[in-house]
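Asker: Please arrange chain L on chain G, whose structure you already have, making use of the hints.
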Amino acid sequence: MTLPPIALPDEASLPFFKGLAHGHLSVQLCGRCGTAQLGNPECSDCGSTALDWRPASGRGTIHSFTRIHIAYHQAFADLVPYWTGLIELEEGPRLFGRLLCDAGVRPRTDGPVEVVIEQLGDEVFVPNFRCLADHRQGEP
Amino acid sequence: MPAAAINASIAGLGKAGITREATPPARELARLAVLDALADAGLTRQALDGLLICRTSAATDKDLGLDLQRTLGLRDLALLEIVLCEGASAIAAIQQAALAVSAGLATTVACVFADAPLVPGKRTSESFGRIKSPSGIDGLRYSAGLFGGAAIYALAARRYLDHYGANEEALSSVAVAARQWAMLNPDAIFRQPLTRDQYFAARYIAEPLRLFDCAIPVNGGIAAIVTSRERAADLRQPPAHILSMAQGHPGTPDARGFERELSTGGRIAAPALLARAGISVGEVDQLQLYDAFSISTLLSLEQYGICGPGEAMHFVADGGIAPGGRIPVNTGGGHLSGYYLQGMTPVAEAVIQARGAGGDRQCGKARTILVTNEGGRFDYHAALLLGQAEHWS
Numbered sequence: 001m002t003l004p005p006i007a008l009p010d011e012a013s014l015p016f017f018k019g020l021a022h023g024h025l026s027v028q029l030c031g032r033c034g035t036a037q038l039g040n041p042e043c044s045d046c047g048s049t050a051l052d053w054r055p056a057s058g059r060g061t062i063h064s065f066t067r068i069h070i071a072y073h074q075a076f077a078d079l080v081p082y083w084t085g086l087i088e089l090e091e092g093p094r095l096f097g098r099l100l101c102d103a104g105v106r107p108r109t110d111g112p113v114e115v116v117i118e119q120l121g122d123e124v125f126v127p128n129f130r131c132l133a134d135h136r137q138g139e140p
Numbered sequence: 001m002p003a004a005a006i007n008a009s010i011a012g013l014g015k016a017g018i019t020r021e022a023t024p025p026a027r028e029l030a031r032l033a034v035l036d037a038l039a040d041a042g043l044t045r046q047a048l049d050g051l052l053i054c055r056t057s058a059a060t061d062k063d064l065g066l067d068l069q070r071t072l073g074l075r076d077l078a079l080l081e082i083v084l085c086e087g088a089s090a091i092a093a094i095q096q097a098a099l100a101v102s103a104g105l106a107t108t109v110a111c112v113f114a115d116a117p118l119v120p121g122k123r124t125s126e127s128f129g130r131i132k133s134p135s136g137i138d139g140l141r142y143s144a145g146l147f148g149g150a151a152i153y154a155l156a157a158r159r160y161l162d163h164y165g166a167n168e169e170a171l172s173s174v175a176v177a178a179r180q181w182a183m184l185n186p187d188a189i190f191r192q193p194l195t196r197d198q199y200f201a202a203r204y205i206a207e208p209l210r211l212f213d214c215a216i217p218v219n220g221g222i223a224a225i226v227t228s229r230e231r232a233a234d235l236r237q238p239p240a241h242i243l244s245m246a247q248g249h250p251g252t253p254d255a256r257g258f259e260r261e262l263s264t265g266g267r268i269a270a271p272a273l274l275a276r277a278g279i280s281v282g283e284v285d286q287l288q289l290y291d292a293f294s295i296s297t298l299l300s301l302e303q304y305g306i307c308g309p310g311e312a313m314h315f316v317a318d319g320g321i322a323p324g325g326r327i328p329v330n331t332g333g334g335h336l337s338g339y340y341l342q343g344m345t346p347v348a349e350a351v352i353q354a355r356g357a358g359g360d361r362q363c364g365k366a367r368t369i370l371v372t373n374e375g376g377r378f379d380y381h382a383a384l385l386l387g388q389a390e391h392w393s
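First to last, the sequence lines map onto chains G and L.
So the first sequence is numbered by the numbering used here: it starts at 1 and just counts up by one.
So the second sequence is numbered by the numbering used here: it starts at 1 and just counts up by one.
In case anyone wonders, no lab produced these hints; they're calculated from the structure.
No false leads were mixed into what you were given.
SDA-like cross-link-like pairs, simulated, lysine to any residue; straight-line CA separation at most 25 Å:
hint : chain 1 : residue 1 : chain 2 : residue 2
1    : L       : 122       : G       : 3
2    : L       : 122       : G       : 78
3    : L       : 122       : G       : 6
4    : L       : 122       : G       : 69
5    : L       : 122       : G       : 67
6    : L       : 122       : G       : 82
7    : G       : 18        : G       : 50
8    : L       : 122       : G       : 77
9    : L       : 122       : G       : 80
10   : G       : 18        : L       : 138
11   : G       : 18        : L       : 135
12   : L       : 62        : L       : 117
13   : L       : 122       : G       : 2
14   : G       : 18        : G       : 128
15   : L       : 122       : L       : 134
16   : L       : 62        : L       : 119
17   : G       : 18        : L       : 253
18   : L       : 122       : G       : 75
19   : L       : 122       : L       : 57
20   : L       : 122       : G       : 5
21   : L       : 122       : G       : 79
22   : L       : 62        : G       : 5
23   : L       : 122       : L       : 58
24   : L       : 122       : G       : 74
25   : L       : 122       : G       : 81
26   : G       : 18        : G       : 120
Chain G on its own, in the form it takes in the complex (with noise of 0.2 Å):
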């Protein structure tokens, strides 16, 4: 299996990879101002460096989404048309996501999602996310 290109953790964003591989979605709090963030040296609002990870819930809604119909790398191939998406984490930071989705069910701006870490090769975890049935879903 080809893996696609992998981010590769910064300082500020290492332990957020560490939690995944640990089967868990972390959050930084800022100690200050009380804002949740990913991966920023120091808080995005306020600037301090009293930052600390914590576990987030794991439940988020669908900022934004979309299908992709190319395969631009070959780790997609054999999942063209895929949807993707932005995530808006319960805890207020937003990360970009794989959606994926049972049948009947289809992705929806504000939809309520979970996530499901993902281990793609030996030390390769990825963050995607399962849209839930949602009572406003309209169409099949």
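Answerer: Chain L alone, transformed into the frame defined by chain G:
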């Protein structure tokens, strides 16, 4: 302290390639474009004392670098740089040239962009799915399968349509209008008619963006010669005066409470740009907008106050930005139907219009022209107001 006056005009415009066929590499296209721009202005290369180079964010020194100076045989330059601001690089370079000329650091500066993404035997998506640096949290975009600009702008388009309750008709209006303008432009790549049905019948690239929502890649180069108004007045072409310039870089967090996809750097640049020229947006005669994807045109119309938030879908309906519409927009066909040479596409069309050299697509009013550039995920924005010399002397 009062703002320093800008004394600069675009006095020469040159092009090379602009084709879907195989061409020499980018550095050669850049060389040819600079020579063409010099000839257009009636200058020799000895007149140049500045060279500003723009390239795509994926290009390296091997593709197009500072050694373009030697390739062009330029001696004793007073200004030489590579200007990197993603899609906003072309205008950023012209702004830098204008500042240098106004401050007396250089007299005559060539700004050039070139790219040659189309290689025989290689799929276009390989060139435009290029990977930047997949580091940190943003690097997740690649493992999420979001390659190239189309995927990122598709997210913006989806967010826009759902946020304002619009549908894909709004995107189609932009694409169809661009084609109507392109049909009047002999230099445009896509010149056959595009109906709404044909638009919707075309394949999706990244939903909701279809084929004709996306820029047409070409191999080519464009160069602009920037010099003072006084020098420009003595040259071969009617100058396009740089009336005003601005940038805007929002740095919007990816987090709840922010709409990174709906609020571009144009929001920051627009008021500064207009105030510096001392005009209102109603006095702008035409818009040459960075439209690598159809959604960008809708956003720019709103960011510049041509219409209110969420109103662009109505503004573009019924031919609002097509020939004969409310205001001329992307009169050469833009990136969508003209050609995609990043920030230089709208710059070139604005200069052509300001000269009155637009042929069948020349607009009756071209006194004051807004030109925009956009890069990143709406992260980087640069804009110019260009003025027709006879109106703004």
